[in-house]
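Undergrad: Listed in order, the protein sequences are those of chains A and B.
The first sequence begins at 14 in my numbering and counts up by one.
The second sequence begins at 1136 in my numbering and counts up by one.
Warning: the hint list may mix true and false statements.
[As the list claims (entries may be wrong)] Simulated DEER-style distance windows between Cβ atoms:
hint, chain 1, residue 1, chain 2, residue 2, range
1, B, ALA1252, A, ALA68, 34 to 40 Å
2, A, THR41, B, LEU1235, 19 to 25 Å
3, A, SER192, B, LEU1442, 41 to 47 Å
4, B, LEU1143, A, PRO38, 56 to 62 Å
5, A, PRO82, B, SER1244, 53 to 59 Å
6, B, VAL1377, A, GLU16, 50 to 56 Å
7, A, LEU133, B, ARG1444, 56 to 62 Å
8, A, LEU133, B, ALA1223, 54 to 60 Å
[Unchecked claim] Among chain A residues calculated to face chain B with C-beta under 8 Å, some are:
hint, residue
9, ALA68
10, GLY69
11, ARG88
12, THR92
13, PHE95
14, GLN96
15, ALA102
16, THR105
17, ARG121
[As the list claims (entries may be wrong)] Cβ-to-Cβ under 8 Å is the rule here; a few derived chain B residues that face chain A:
hint, residue
18, GLY1240
19, ASP1327
20, SER1328
21, VAL1334
22, GLY1405
23, GLU1406
In short, the hints are calculated from the structure, not lab data.
These numbers were taken from a predicted model, which means no experiment stands behind them.
Idealized CB from N, CA, C, for every residue including glycine.
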Amino acid sequence: MLEARHVSISFGGLKAVDDASLVVPPGTITSLIGPNGAGKSTLFGILSGFLKPDAGSVRFLGRDVTGLPPHRICRLGMTRTFQIVQPFAGQTVRENIAVGSHLHRPQRRAALAHAESVALRVGLAGHLDKPAQDLTIAARKRLELARALATEPRLLLLDEVLAGLNPQEVLEVSPVIRSIRDSGVTVLMIEHVMQAVMNLSEHTWVLNNGQLVAEGKPADVMRDSRVVEAYLGHGAAERLRAAGKQAHA
Amino acid sequence: MKTLYTILVVCGAVALLPAFVSSGFVLNLVIMTLYATLLGQAWNILAGFGGQYSFGHAAFFGTGAYASAALQVHFGVNAWLCLPFAIAAGAAVGALVGALSFRYGLRGSYFALVTLAFAEVFRILANSVKFTGGGVGLLVPLKSSALDFQFQGKAGFLYVILALTLAGFLLSWWLERSRYGAWLTAVRDNEDSAAALGVDVFRVKLQAIVISAGLMGAGGAFYVQYFQYIDPHLAYGPAVSVEALLGPIVGGLGTVFGPLLGAAALQLLGELTRNLMGDVPGVSLMIYGAVLIAMVTFLPRGIGGLLRRLTPGAA
């Protein structure tokens, strides 16, 4: 579905993404994890066309999409959301979602009707006529998801849609993401909420300092010493193992 | 649909006016209000709906005005035929300004400054080129025939400007209920989000400035016929740019009726301060300015926003 090969980008002297290659197989929920500043959102920016990589290529559905502008990539079927939600503040929820619906629906009436059905899918049906700026953070995250979904993508890039939600809200949104996958949309998600990563995704890539350091099933990846060290610092895996042995003894 | 009916009723009422009113003063006031409405509608499409605040709409207005005047003076073209040329010339300058500034991602105050600079460049050019008559300007030959877009009384001009304003109304109405309008307001509210949802931001902004500039060009052509004279300052001076933006800001940005409400309020305010304080030079302008500041401060959504707040339930 999506394949990045040896992608790199630098800002000044900082290598934000360094020779990263990853594959997203169709029909899956794949996650991208890593500590703060690892370059996850930057990599998303490259995949979705907001940033041009210094080196490497991105292929989507067998097509080279490296450096295509975001709207072209969206029209090919890959839509992203933003970590910091970016609603069209002055417009209602219905109008917000309809912007996405318009991608394949020139008629205003059809787009508004489609927006309603998408709102129903993500649990925003009760807020359709509210201005987007009046929504809670949890509802804004849903709106971000709904707008992207309204473009009817083949691949959905979700940038921390669960961040900032309380555990109850995470539990409510997780089935929505699963149902999106079940409807045939491939999902690539950046996520910090580990519980959700473990529950939802079939495959995980771990990014640290701009480099992909591990991949595999979430449960296996969590045990990988490189991953533990990425989060807890150099030598942490060794100390943890020692502590574990002591606890068992 | 309610918006459309309101547009038709308002325009229909104005169309009946010459049958009942013969006062040149009143008809002139209505014509100038509609003329200011047209400029406001043009600016409102780009700034109100599209969020691109131009401070140099005079560039498009003046180009329309000069295109019409120069074709009549130098080539003897019929003034009616000059109108589409004026619209096209204004739109072409809009495309040029838009392509350059949007290609390089100019937003907010940078875009405003660049448009202002373009208008000034055109003013200096018009001042120094023989084709535009230099600083002396161009005087449109007097014909006094409706066939030449010159009318004996005011009524003829009123119908022409009313038709142009109606076109401006219908364009704004269409923006509120079309995919293009949804894309344009999406670009206004958040360019990155819009791009992520498949909106070609550059193209949408370029189309908006072309439509907006075309309407300004029509306004310029009308101005030339009504006053039969144009010079660099009248065409490209900042006064026109300010007149275009003041109406929508006072009346309600990004709304169909904002430009009309604003233009009407400003014309009335201008007449009132001139007549009440006309004897003391400058006082009328000071009061005009003070009322403007108060309006912008206390009515951020303009007169239209105030009306909506006073009549809950109504759209």
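Undergrad: Does each hint hold? Answer for all of them.
TA: Outcome of the hint check:
1. ALA1252(B) - ALA68(A): 34 to 40 Å: Cβ of ALA1252(B) to Cβ of ALA68(A): about 39 Å, so the range 34 to 40 Å holds.
2. THR41(A) - LEU1235(B): 19 to 25 Å: violated, 45 Å
3. SER192(A) - LEU1442(B): 41 to 47 Å: At roughly 44 Å between Cβ atoms, LEU1442(B) and SER192(A) fall inside 41 to 47 Å, so the hint holds.
4. LEU1143(B) - PRO38(A): 56 to 62 Å: holds, 57 Å
5. PRO82(A) - SER1244(B): 53 to 59 Å: Violated: the Cβ-Cβ distance is about 25 Å, outside 53 to 59 Å.
6. VAL1377(B) - GLU16(A): 50 to 56 Å: holds, 54 Å
7. LEU133(A) - ARG1444(B): 56 to 62 Å: violated, 32 Å
8. LEU133(A) - ALA1223(B): 54 to 60 Å: violated, 47 Å
9. ALA68: Status violated, d = 24 Å.
10. GLY69: Interface hint status for GLY69(A): violated (21 Å vs cutoff 8 Å).
11. ARG88: holds, 5 Å
12. THR92: Interface hint status for THR92(A): holds (6 Å vs cutoff 8 Å).
13. PHE95: holds, 7 Å
14. GLN96: Violated: closest Cβ of chain B sits about 12 Å from GLN96(A), beyond 8 Å.
15. ALA102: Check passed: Cβ of ALA102(A) comes within 6 Å of chain B, closer than 8 Å.
16. THR105: It is violated, given that the least Cβ distance between THR105(A) and chain B is near 11 Å, above 8 Å.
17. ARG121: holds, 5 Å
18. GLY1240: violated, 12 Å
19. ASP1327: Holds, about 6 Å.
20. SER1328: Check passed: Cβ of SER1328(B) comes within 4 Å of chain A, closer than 8 Å.
21. VAL1334: At about 6 Å, which falls below the 8 Å cut-off, the nearest Cβ of chain A leaves the hint on VAL1334(B) intact, so it holds.
22. GLY1405: This hint is violated: GLY1405(B) lies away from chain A, its Cβ roughly 31 Å from the closest one there, beyond 8 Å.
23. GLU1406: Hint on GLU1406(B): violated, closest Cβ of chain A at ~34 Å, above 8 Å.
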